[in-house]
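Participant: Protein sequence lines correspond, in order, to chains A and B.
Residues 1 to 436 in this note's numbering are what the first sequence lists, from first letter to last.
Residues 1001 to 1506 in this note's numbering are what the second sequence lists, from first letter to last.
Check before you lean on any hint, since a few could be wrong.
[Claimed, not checked] Distance windows between CB atoms, simulated: (1) A:Asn353 / B:Asp1307: 39 to 49 Å; (2) A:Ser234 / B:Ala1260: 49 to 59 Å; (3) B:Glu1148 / A:Phe170: 51 to 61 Å; (4) B:Arg1237 / A:Leu198: 50 to 60 Å.
Just so you know, these hints were derived from the structure itself, not from any lab.
For clarity, every value in this text was computed on a predicted model and none was experimentally measured.
Backbone N, C-alpha and C define an ideal beta-carbon position, used for all residues, glycine too.
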Amino acid sequence: MSMTRSFETFSRRDLFRIAAASLGGISCSPWLPKLARAAGTKRPPKACILLWMAGGPSQMETLDPKPGHRNGGPTQAISTAVPGIELSQNLPGLATQMKDVALVRSMKTREGDHGRATQLMMTGYRPMGGMTDYPVLGSLISHRLKPADSPLPGFVSIAPFRFGNLGSGFLGPDHSPLVVSGASNDPNTRANLTVENLEVAGGNPDALLERQGLLNMLRQGAPSSSPAALKHASVYDQAMRMVETRGEGAFELDEEPTELRDAYGRNRFGQGCLLARRLVERGVPFVEVSLDAAAQGSWDSHVDNFSAVSSMCEVLDPAWSTLLKDLRDRGLLDSTLVVWMGEFGRTPQINPNRGRDHFPDAWSVALAGGSIAGGQVYGKTSADGMEVSDNPVTASDLYATLLEGLGIDSGGDNAMGNRPIPLVDEGGTPIRELLG
Amino acid sequence: MSKPVVLLMLLTVAVVWRPGTAFADSQGDTLSQWIDERGEQVWGNPPAPCSDLTFVRRVYLDLVGRVPSVSEIRDFQTLGEDRRELLVNELVFGEGPRRDTYTRLSASSLARHWRRVLIPPGTVVTGSVRGLETWLADAFREGKPYDEMMREITQIQSPDAAGGYYRLVGGTPETYAGNLSRVMLGVRLDCAQCHDHPFTDWKQHDFWGLAAFYSDINGSIDNPDGSRPTGKSGEIRFEGETYRAKVLWEDTALDDATRAPRVRLARWMTSPQNPNFSATAVNRFWQLLVGRGLYADIENLDLANEDERAFLDDLGQKFAADGFHVQRLIAAICKTNWYAARAMSETDSDETFRRELKVISPEQVFDSLEQSLHLPISRIDPAAPRWTGARAQMVNRLGEAIGETPEDYASGIPQALMMMNGPVTSDAIDLDRSRLLRAVVESPFFDEDKRIETLYLAVLTREPSEAEKQSLTEYLDNKPDETTRRKAFGEILWALLNSPEFVLCR
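I would like the entire structure built from these sequences, with the hints used as guidance.
Facilitator: Encoded structure:
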C-alpha cells in the first residue's frame, strides 16, 4: 500500500481538528463556546463522579454520628439544611447541601480486609479467587455511557490510591482509567494535576498527522486477527486524539476563578474534584477522585480515630460541598451522580488506641445528584451502631441503585466472550426510595 | 575516532566467531525432539516456521531481555545450517565470546520474570522487591535446580530468608500459603480462606492446613482480622477454629507437626510425586516462551481434566527426571518447532496450536529501546537513562498495565502517551540528540534505502517490505528540502518505535 493511500485514511475532520488544535495555542480555550452551545440546546449527558475514600472512613464521625452513646466517642452531631437529618460536626459544608444528598446508613457487607473489600465495593462482586476479572465501576459506566466521538476517555481516575490492582477487567483497555497524577499534595503549592506526555514529542503539533500516516502504514504489517494488535490500535487512536485536542483543555485549571479554586481546597483532592467537574462538562462519563490520607492521618484510623477523621474531613468537606454546589450552579447536578464511599466502615467500639478497626457489618455511603432523591436517610443502625436495624443494603443493591440512577438497566448483562456476565451480582435490587 | 563512526562500525561490522559443536544431550536437544513429537500427537503438523530474523528477535527478547543489536543480527547470519540451535546455546548456556554478558543478562531476565510470578502486578508489597530479584538472579546464574529454589522458598526459617518473599507479600502465614500454592502448584486456595470453595473441592481446612506450616514464623505482621498463632508449631487459629498443618490432597493432618514442619512441607511440595509441582513449573516456562501455557489457565491447574493436562504432566516428569535443570528446559523449548512457529498461523487439527503475538515486558521495552537507540549505558555517564531514573519511570508506568498472560496487551492511554511523547522518544527522534539517528543519517556510506533498512533492523529486527520501501521513498521525496528530508528520518523512527510490532513480539 502506498503512502499517499495511507494518508487518505485521514478524514477532512481530522485535518480540521489538527488545525483547531494548533489554533488552541493562541486562543484561550476554543472548546468552551462549543460546550456552552451544546449545554444550551440539549440536556447534558449522564455522568458519575466517585469520591473514593480508600481505607474505610468511620461512619460515626461522618454520616452516622451517635452522640450520647459510649460508642459515639466525643463526636457531636450538627443539624443540616434538611430538618431532622443530622451529620457529624466534621461535615458542616455538606450539611448545607443536604437537600440534594441521600444518606445510606445501612450498608451491610461481609469483607473486612482492605483488598477484598475494595474489590467488592469497586466491582460489586465478591472476590472469588480470580475466576472472572470483573471490571470496576468506572469501567462499567464508561462502557455504557462513553460517547463514541469524544476525544477524552470514558473513565478518568484522579490521584488514585487503592488496595489492589483493579481495572477494566474483561471490558479491556478501552475502558481502563486514564490516570491523572498530582505531583504535589502540599496545600501551599499548587496541586498540579496533569496528564503526562500530552505535548507532541519534538514540539511541533503538525508532526502528528505525518506520524499517524506512518503508523498506519506500519500497522498493515501487524496481523489484524491478533487481539493484542487490535487493542494496540484502539489505545493509540484514543491517545492520538487526546494529544490532538490537548484533552479538550480540561486540565487547564488556571482558567477557573481563584475564589472557586480556593473553595474546593488547594490540595490534590480539592483540585481533583474541580477537575472532575471540568471533565464531566466535556463529556467524560466517569471520574473517580481518591482521598486516602491527609496531613494528620488517614481513613484507616486504627489509632487516634477522632483526630484522624477530623483532619481528613478538613480536606473532604470543602471539596465535596463545593462540588455539589458548583454542579448545581452549572445545571449539571441532575445529570451527574456523585457517590461517596469507601470499602467499609469502622468498628463502633473504640479500641485501646482510641482507634476504630475495620467494620463491614453496618456502615454508611452517600449519594447525590443524578436521579437520586436527596434530603433523605435510607436505613438505620442500632443505637450502639453495632448492627443494621432497618433496611440493610448490600454492595449489589448499591450497584443496582447507582446504575438505575444513571439510567442504566441494572438487570442487564455484559459479555465476556460468549458468556453473559450480569452488570450487578445476583440478588442486587435497586432501592426505589432513593430514586426520584 | 568520533562517536558516530564507532557506532557505524557497530552497525556494520560483524564479530567473526563460529561456535564449536557441543555434546549432543547436554543442551536440551533430546528433550526438544521429544516435545516436537509429543506436540505432533496433540496438534498435528506444526505451522510453518517463522523467518530467521523473527527467530532472532524472539530469542533475544525471551532469553536476554532485549532486542538484538544490528551486529548481533549480522553475526547470526554468518552462522551455518544449525544457526538457530547455536544461537540458543550461545544465549542460554553462554557459549562463545560474550559468555559473561549473556549469562548475566539471561539470569536477570529470568529473575524479573519470576519476581512477577511470585509477586503478580498489583500486589500490595511491603518493602522493595530488589532483594528478591537479586536472590532469584543469583540462583539462576548459578544454575540452581528449580526444585531446590522452591524448597528454599518453602522451608524459610525467617521472614527475610529467600529474598524476603514472606515479608514482601504481607508477612502472614495466610498470604504466604496462598502464594505458595498458586506459584508452585497452580492452585488458587485464597477463597477457601473464608469459606469452602464454591467451584472446586477446596475447603477451609485445606487453606488453613497449609497456612499452619508458617504459624511460628517470627515477625508476622499483626492483622486484626487475620490468623493467630497457637504457640505451637504446625498449628494456627482463625475465627475461633484451630487448624493443624496438612498438605493438599491429604485428608489427615501431619503427624507430629511440631517437628520441622516446613522442611517436611518443602519435601512434599517439590517431590516428583506431587501431581502439580513439576507440571506447573513447565507450564510457566512454556507460557513465558511460547505465550500460552500448555494448559492456558496456569493458576487453576486443578480445573484441568486428565486429557487437558496429559502433555503437561509428561513434560513435567521429563523435567523432574532431568534434575529440574532450568537452562536445559528453556533451551529445549526454544529449539522446538512449536517455539519457532510463525505467529498467527494454525495447525489444521482439532486441537489447534497457534502462536499469538507476545507482549514484551516493561523492562524489555526499555532495554530494547536502549539497545536500538544506542543509549549511553555507562554508570558514570550523566546522560545514561538507565541510571538517571528514566528507566525506573518508564518501567513503572508500563508496569501499571500488565496483562495476565504474555498474549494480553493491557496498556492504556497513559502508556501510549509515554511511548508517543515521553522523554526517551523525544530524544530518540531529535537529530541533535539521537545517537541512532545521527549514526544512520550522517553516515556517508549509507544511501537512503540503506538508512531506512538500518532503522528497521535496529528497531524491529527486520527489513522493510517492498510496499513499505516504496511508501517511505515517496514520503521522503515529498519533502521540499534537505533539512526537512533529514528530519523526516526522525518521524520514521517515531513510527517504528510506536508501531505495534515494537511491543508485540511477532
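Participant: For every hint, state whether the structure bears it out.
Facilitator: Hints, verified against the model:
1. A hinted range of 39 to 49 Å for the beta carbons of A:Asn353 and B:Asp1307 is inconsistent with their spacing of about 57 Å.
2. Judged by the Cβ atoms, the range 49 to 59 Å given for A:Ser234 and B:Ala1260 holds: they are separated by roughly 55 Å.
3. Between B:Glu1148 and A:Phe170 the CB atoms are about 38 Å apart, so this pair departs from the stated range of 51 to 61 Å.
4. In this structure the hint that B:Arg1237 and A:Leu198 lie 50 to 60 Å apart at CB holds, the actual value being about 53 Å.
The structure is inconsistent with the numbered hints 1 and 3, although it conforms to all the rest.
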